[in-house]
Amino acid sequence: MPLRLVLIEDHQALREGLELLLDREGCQVVGTAGTARDGRELVERLDPDVALVDIRLGEESGIDLTRALLDTEPARRIVLYTGSSDVELLVSGLDSGARGYALKEGTPAELTGAIQTVAEGGTYVDPRLRPALLSRETTQRLKSLSKREGEIMDLLAQGLTGEQVAERLVLSSETVKTHIRNAMAKLEANTRVHAIAIALREGFINPPPEPEGSRT
Amino acid sequence: MSEPLSDDERRRLRHDFRTPLTIVTGFAEVLAGEKPVSEADRRDYARRIQDAAAELRALVDEMLGA
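Chains as they are written, first to last, in this note's numbering: chain A, 1 to 216; chain B, 1 to 66.
Just so you know, these hints were derived from the structure itself, not from any lab. Note that the coordinates shown come from a computational prediction; the quantities given were computed from them, not determined experimentally. Beta carbons: idealized from backbone N, C-alpha and C, even for Gly. Watch out, some of these pointers could steer you wrong.
Claimed, not checked - Listed next, the stretches of chain A that the computed footprint assigns to chain B, with coverage defined by at least 3 CB atoms under 8 Å from CB atoms of chain B:
{"id": "1", "segment": "5-15"}
{"id": "2", "segment": "101-108"}
As the list claims (entries may be wrong) - Example chain A residues on the side facing chain B (calculated, C-beta under 10 Å, incomplete):
{"id": "3", "residue": "Arg24"}
{"id": "4", "residue": "Arg56"}
{"id": "5", "residue": "Leu111"}
Said to hold, decoys possible - A few chain B residues that don't get close to chain A, going by computed Cβ distances all over 10 Å:
{"id": "6", "residue": "Leu5"}
{"id": "7", "residue": "Glu9"}
{"id": "8", "residue": "Arg43"}
{"id": "9", "residue": "Arg57"}
{"id": "10", "residue": "Ala58"}
{"id": "11", "residue": "Leu59"}
{"id": "12", "residue": "Val60"}
Let the sequences and hints guide you as you build the complete structure.
Quick look at the structure:
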């Protein structure tokens, strides 16, 4: 069954273009909206597998929309989509609880991969964001992750779900959840994606391999 | 000399430029790819690239005061 997607993007030509491009990649775009208000109504009514939300919706913020959507239903799967690799925006986006963070410079196939990963319960941060994450000034002193915690965060950064990590490492799901909770507490992260971003930034884990043909 | 751009203006500019660029690169990639594209779709995609390129040109002109 194709993945059901709601697309919220204020630029009409891009909205229509993405609908076509994602459809070619096998996603079923069940609804599109150009404003935060329409987008919220659509997501609440259609309950898609994933909502792809532009970070800038004219004068409105896709990050605020994400927070509002997750306030009412924390299990919603949202991928933020942005043309900016600005680190402040990135951190704020990850803090909102979005499970994915994709850049507009990625290819349609990469975007579909990000959406697919999030739909399956995984998390996604565009690998091009590593330089931005590394360059962020930090005053926080973070405790190092244990070997096992680092291993698990590494696999989550590659897009695996908690269940898949448990299977790969021959651990119970509960044990994996406990390690993730501990890692998130050490990293002072609110969400798994946020924890992955911090772990990458601090060099506790390695970034996922660059997609073929992408720029650095 | 013109005023330096604020962080927010820079973010907005990046967004304004990258949005139509996403259309150009996305459809160009489809046209250059291996999956077959019908003649009608090829024309439609080329028109979308042209429109996005025109938007980019207008943005550049506006930036340079042309």
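Structure-based check of each hint:
| no. | hint | result |
| --- | --- | --- |
| 1 | 5-15 | holds (count 3) |
| 2 | 101-108 | holds (count 4) |
| 3 | Arg24 | 7 Å, holds |
| 4 | Arg56 | 5 Å, holds |
| 5 | Leu111 | 9 Å, holds |
| 6 | Leu5 | 13 Å, holds |
| 7 | Glu9 | 12 Å, holds |
| 8 | Arg43 | 13 Å, holds |
| 9 | Arg57 | 14 Å, holds |
| 10 | Ala58 | 13 Å, holds |
| 11 | Leu59 | 12 Å, holds |
| 12 | Val60 | 16 Å, holds |
Violated hints for the displayed structure: none, as all numbered hints are satisfied.
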